Amino acid sequence: MTAKAKWVDIGALDSIPVRGARVVKTRAGCIAVFRTAENEAFAIDDRCPHKQGPLSQGIVHGRAVTCPLHNWVISLETGAATGADKGQTKTYALKIEGGRLLLDAAEVAAGKVAA
Amino acid sequence: MTMKSLELVRSTKATAHRQRLVVIGNGMAPGRALDKLFEAAPGAYDVTIFNAEPRVNYDRIMLSPVLSGEKKFEQIVIHGDGWYVKHGVTLYKGSTVTAIDRTAKTVTSARGITVPYDKLMIATGSLPIVIPVPGHKLAGVLSYRDLDDVEAMLLAAKSRGTAVVIGGGLLGLEAAAGLKDQGMDVTVLHLMPTLMERQLDPAAGHLLQRAVEARGIKVITKANTKAILGEKKVEAVLLEDGTRLPADLVIMAVGIRPNAGLAKDAGLDVGRGIQVGTDMRTSDPDIFAVGECAEFAGQTYGLVAPLYEMATVIAGQLAGDASATFTPSVTATRLKVTGINLFSAGDFADAKDREDIVLRDATRGIYKRVVLKDNKVIGAVFYGDTTDGAWFFDLIKKGSDITAMRETLIFGPSYAGGSALDPTAAVAALPDEAEICGCNGVCKGKITTAITQLGLKNLDDVRAHTKASASCGTCTGLVEQLIKVTLGDAYNPTAVQPMCACTNLGHDDVRRLIVAKDLKSIPDLMQALEWKTSCGCAKCRPALNYYLVATWPGEYADDSQSRYINERVHANIQKDGTYSVVPRMWGGMTSAKELRAIADVVEKFNIPSVKCTGGQRIDMLGVKKQDLPAVWADLNKAGMVSGAAYAKGLRTVKTCVGTDWCRFGTQDSTGLGVKLEKFLWGSWTPAKLKLAVSGCPRNCAEATCKDIGVICVDSGYDIHFAGAAGLDIKGTEVLGHVATEDEAIEVIAALTQLYREQGRYLERVYKWAKRVGIDTVRQQVMDDVERRKALHGRFVYSQKFAQIDPWAERAAGKDAHEFAPLADLTFKEAAE
Ligand code: SRM
Ligand SMILES: Cc1cc2nc3c(=O)[nH]c(=O)nc-3n(C[C@H](O)[C@H](O)[C@H](O)COP(=O)(O)OP(=O)(O)OC[C@H]3O[C@@H](n4cnc5c(N)ncnc54)[C@H](O)[C@@H]3O)c2cc1C
Ligand code: SF4
Ligand code: FES
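Heads up: the sequence lines are chains A and B, in that order. Under our numbering, the first residue of the first sequence carries the number 30, and numbering increases by one thereafter. Under our numbering, the first residue of the second sequence carries the number 2, and numbering increases by one thereafter.
Here chain A stands alone, though its shape is the one from the complex (with noise of 0.2 Å):
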């Protein structure tokens, strides 16, 4: 993580479906944000470790995502695949504050330059 957080609003937490997920369009690519059933948010890249399968699309259960192409399970506290494969997605800083959702901007762009 970058030394300074910089944290923007990308939008209300309302505005994700419980167990559900949406998208925020970044430079480096799509950033898929997910709501859980016990309304925690987690931001995780739109982008299944196994074959770059849109996670945002997949079907939330507890802090999980089952990827919609090939059923891979992600951890989205962690971005890795559970069970027997392997294989990690990039996790980002998200906080939830007066029922915004914030980003780590910073840590975004941080992402972008790694890329």
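Hints are supplied without guarantee of correctness; some may be wrong.
[Unchecked claim] Where chain B lies over chain A, by a calculated footprint (3+ residues, C-beta under 8 Å):
#, segment
1, 42-52
2, 114-121
[Said to hold, decoys possible] Distance ranges between label pairs, derived from CB positions:
#, chain 1, residue 1, chain 2, residue 2, range
3, B, Phe820, A, Ala139, 28 to 38 Å
4, A, Ala34, B, Asp525, 51 to 61 Å
5, A, Ala34, B, Asn607, 35 to 45 Å
Note that these hints are calculated values from the structure, not bench results. Given the structure is predicted, the values throughout are model-derived calculations rather than measurements. Just so you know, even glycine gets a beta-carbon here, dropped at the ideal spot from N, CA and C.
The hints should help you fit chain B with the ligands onto chain A, whose structure is shown.
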């Protein structure tokens, strides 16, 4: 020789060699006796059975699960029609025997049929006791004894009224729980101050009462019924203390009385029941009595275990084994109400020479009581936690001296050896003589021997070969542990494949419980069926969503987050995250207008590929997700709707040109295909559903490898089903022939509905048909016309809510969040 004289020869031969055995009553006891007899002496007797009930032999113990909706009658049949055919048994259903003539050696039924016997078996069971209070004959007052009673209760429960159950014993509580599950408002009346006062002390009686009340059943103890009130049918129950309880249904479950009237009229010795000796013969040596109607040494019985022992003795005697004798043993019983565990065994009446050891844990709702006499266990009652029941029952039966383990006795087998054992180890520690299945008297040694010698692999096999857990099923867990202990890792419990790791329930259980427990949302279902995960997984949620859609049309609100992405956005996701769009082309027909609209859309949205599919329509591939609503809006304008190329639902109806153009066509196959597609589109099914209609047996539409196919012929329509041409290849089965197009459509809709109701999620028609049997499907949609009409009716009803074009809805703004990003940071980043 003519046919007639041939038959004559056979029957003279039969009388010369075979004895005639007549059985009165077709309940659980004689059923078992005949099983044993056919095993010991096949072909020795010509058997005729008279049964007052108009049906085959079934498991009476399991009536409560039928009442609660957890089982269907077909699942509790012991001897289906085929059994009678196989063993050459003549069964008179719905025929009550009214007289026995011991001199002429004949019995006569109410319908006037007289049959001679060499040996007679009386097995008339019991009659429920009816308290003769005023009003006890009113319509709506029932006992709880046979399937007719259960059917009458289920009918009464349909109007969801109020039921009063008189009697708080095992039967009364099972009836109350079942009626409650069926949605009735239920009150149990019990004469004594606490429930089951014979088995439980007052404190434990209260625990039980609390558990019953927690299910929403009211309990009134010390309730003395004075009268049942009502004009033509029951309206209320009046108690001695003046309380008036409104009631649409009254169940009397206050006890049973051996049904010995017929035997008494025939001059046999009768006390409370028909008196028999150790060889089960009555005072007439050619007449046996078995079951609840029999009295042995002043004792009558109301549980199956001793009755099955009687059955074994009779079979031995009839097969010529004079040494077969009956020695009654202790019995054990369980309350069969899901969620309430109660087990009692042996003798637990209070007496001077007896001591009690009691363990009570009111917070955990556990009560254990062991009755000792001369340092031996003679009775045991467990409430809340009944896992040690088998171990104690074994101590009772063996009369083991427990002095050495008295201190820890009440904690069960886990402590008997000093340290606690896990359940499997506890089963492993049981002696070979320990009884596992009380109903069928099967001990551990018999089960383990059968497993090793016959190479049994699963629960069904063990049930089939040993009968263990084949009656009331409460010992199923023990039997499974035994299989595990015996086979070790080789045991793979395939009996019920759980839906997924979130539950132990299989698909069929879940579907049944959705109806039985009236479950109408995924969270409710997961709560009620004790899901192990907080919100399921990608395997169970789509299945549950389908089951709820199919069970509650118009009531259940579809949960789009439980659908696969294709069904959520009504297009097919591609490997690069773009989508493909396939509009319906009814029966494969299209027009210049549709083709022009497609061409325009392809150009306007820069769609990279256009392809004819294998399903006679056109696919536009590579559409960007955010363009989907606009693409659909344009296609809608030209009159096209979603082809559901993504759906576990109706896909395509392929057709050939038929009589419209083809020189061989026999019927309008294109027209029928279009009609079918217009009727069936929008319906959700367990897996995708593909149809085809060919105009003659040349079969250009490939109808004989589809889920449902029609081959037109001169005389009408041959309807086929259960074909496959994807992962598996399989020709269809013939469902039947109909003369008209209307009939064809009705049969196909009924077939589709049956599949919707029985199919497991993702199970194609051919797999479903293989599982339930081609014949049963045929029987239900071709032969049973009433059933077909009912299925068709349910399909038509559910289509009212299904035929809404999902594209039009989304083009109009529904689920807009799906097609737009939450935020676009590309601009912000650029501005950095
Ligand atoms: C488009 C099409 C191929 C084509 O270009 O012709 C097609 C395309 C796909 N088929 Fe198919 N099938 C197509 C006709 C067929 C046929 C032929 C037919 O319908 O007459 C079959 C054999 C018949 C059958 O259904 O069994 C067929 C058997 C399958 C199967 C194997 C199903 C099975 O149970 O055996 C799958 C896999 C599955 O469903 O799990 C499948 C799965 C697929 C999927 C959905 C694969 C996927 O998950 O992405 C493809 C979607 C592509 C897309 O985005 O449109 N497709 N597929 C055809 C669309 C027909 C239509 O108009 O709707
Ligand atoms: C709801 C319910 C739950 C039960 N639960 C348990 C349990 O958990 N455990 C347990 O051990 N036991 C249980 N029982 C008791 C058990 O079902 C009986 O002990 C057993 O069925 C008795 O068998 P039977 O063959 O003697 O008589 P039945 O099974 O009653 O059969 C008698 C048959 O004879 C017919 N019949 C009577 N008279 C004539 C005639 N004159 N001519 C022709 N046919 C005639 C009757 O119609 C009936 O079909 C339960 C009973 C009920 C009703
Ligand atoms: S199925 Fe028969 S009628 Fe139809 S096109 Fe083929 S040959 Fe012609
Ligand atoms: S791309 Fe996600 S599982 Fe294959």
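Quick rundown of the hints versus the structure:
{"no.": "1", "hint": "42-52", "in the structure": "holds (count 8)"}
{"no.": "2", "hint": "114-121", "in the structure": "violated (count 0)"}
{"no.": "3", "hint": "Phe820(B) x Ala139(A): 28 to 38 Å", "in the structure": "holds (30 Å)"}
{"no.": "4", "hint": "Ala34(A) x Asp525(B): 51 to 61 Å", "in the structure": "violated (41 Å)"}
{"no.": "5", "hint": "Ala34(A) x Asn607(B): 35 to 45 Å", "in the structure": "holds (40 Å)"}
Checked against the numbered hints listed earlier, the structure breaks hints 2, 4; every other hint is satisfied.
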